[in-house]
Amino acid sequence: MNTLSLWFHKFGSPPTFYRLSRLLCPWLFAAACLIGAVGLYAGLVLAPADYQQSDAYRIIFIHVPCAWMSLFAYIFMAANAFIAVVWRIKISEILAMTSAPVGAMFTAVTLLTGAIWGKPMWGTWWTWDARLTSELVLLFLYLGVIGLYSAIEDRRQAARAASFLGLIGIVNVPIVHFSVNWWNTLHQGSTVRLLGPSRIDASMLWPLLLMALATHIWFFASVLARSRTSVLEQESGKEWVREIVQAQGVRHG
Amino acid sequence: MRYGTLGSACAALIRRDLLLTWRRRGDALNPALFALMVVALFPLALGPEPNQLMQIAAGIVFVAILLASLLALDALFRSDYEDGTLEQIVLSPHPLPVLLACRIGAHWLTTAVPLILVAPLLAEMLHLPSTVMPVLMLALAIATPLLSLLGAVCVALTVGMRRSGMLLALLVLPLYVPVLIFAAGACNAAQAGLPFLAPLLLLGAGLALALVLVPLACAAALRISIS
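These protein sequence lines map, in sequence, to chains A and B.
Position 70 (the first sequence) corresponds to 396 in our numbering; numbering is contiguous.
Position 199 (the second sequence) corresponds to 231 in our numbering; numbering is contiguous.
For the record, the hints were derived by calculation from the structure and aren't laboratory data.
Bear in mind the structure is a predicted one, so any value in this text is a computation, not a measurement.
Positions of the beta carbon are idealized from the N, C-alpha and C atoms, including for glycine.
No false leads were mixed into what you were given.
Not the full set, but computed from the structure, chain B residues with beta-carbon under 10 Å of chain A: (1) V185; (2) L202; (3) A252.
Assemble the whole structure, with the sequences as input and the hints as a guide.
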């Protein structure tokens, strides 16, 4: 067996995953909080006010990273769902299912902050614009995955069925991403680009990227924390879980 | 042991489904009756003003038909799952996607075709201009198979559950959103005198894609939920 597949099998085994995630989780949360705090300070205090929207634009430092995360979380979930459906790896099932609520939360925050910004800027909380509608459909897809997962008794079968549903819903991801190009409606186009120069000033760009980094780390920390509990719950009959519980019982007396 | 050919298996499956529906003809009319009642609610709620109703007629007809086909979806595999026929279909030596395509086709014939037939009546109740009627019928002819196909995958995922009604709606409706947007969009464009071909062509492309991919997806989903 080569090193890669050996590593894959090792990380895919629940006890190793549990130990690794217990090691990583606090660090990831700490890093996310630290970077997030710096990013928020830079965005809310250091970055200059917009010439047109003055201070109201500053909500983008929450809105835009969360919007990116709503898509990233879906892609992460779908990738794990694919592995879960095809190779039936337990850890992938758990990762896919635990990233659904986190992604749904990011989507909800995106819609909420968008509405709060939209009221003073567009004069309305909500409009049936292509970007907004497809983001709302994304939230429904997340809720469908969560609903299906919790409706089936058998955890592993539930995870596979919900993973399959998540895979079908992936057609919506490019629609959300390209909606501002395909339909020329109210929501503005993308200003930050991976390829070519961004159409946002550097003084506003770096806090934004910092916040994006913080939300990415937060996402992984949150998914790991949730997965750790799920692994423990699903493996509760196994020997290694009993050892952990007994060790904890000794420590707490 | 010798098996029949794939063609004879498909023909037997479709004949059985049509026969079952024919024996219970009254039940087959239920979706159409439901759509009729939903449409009748709108003039009662909004007031009988013809001009107002005319403007939203196409949208209401589509929403009513969409809801009716959503309620009809549950019957797609329900009785077959309960009496074990579904497991026999999964275990049969013939390719499961083809057999499921026949099932979905028969389901479309028995639930969606009555809805399409009743659509002119629904449109007339809401004073839809007669010039829009051909576009409405064409859009329905393309959209209803798409609705049946997309719904079938979700039904296949929830087939083992006892009470799946609300959950099924939660799973299916996000997938129905694009179909509704394009189908009703074509009618609204026609009503406003704008070119309406583009949304219909997009729907057609979606249907072509779904005809190929959905039976495969449906088979995979069914194998997951009755494994």
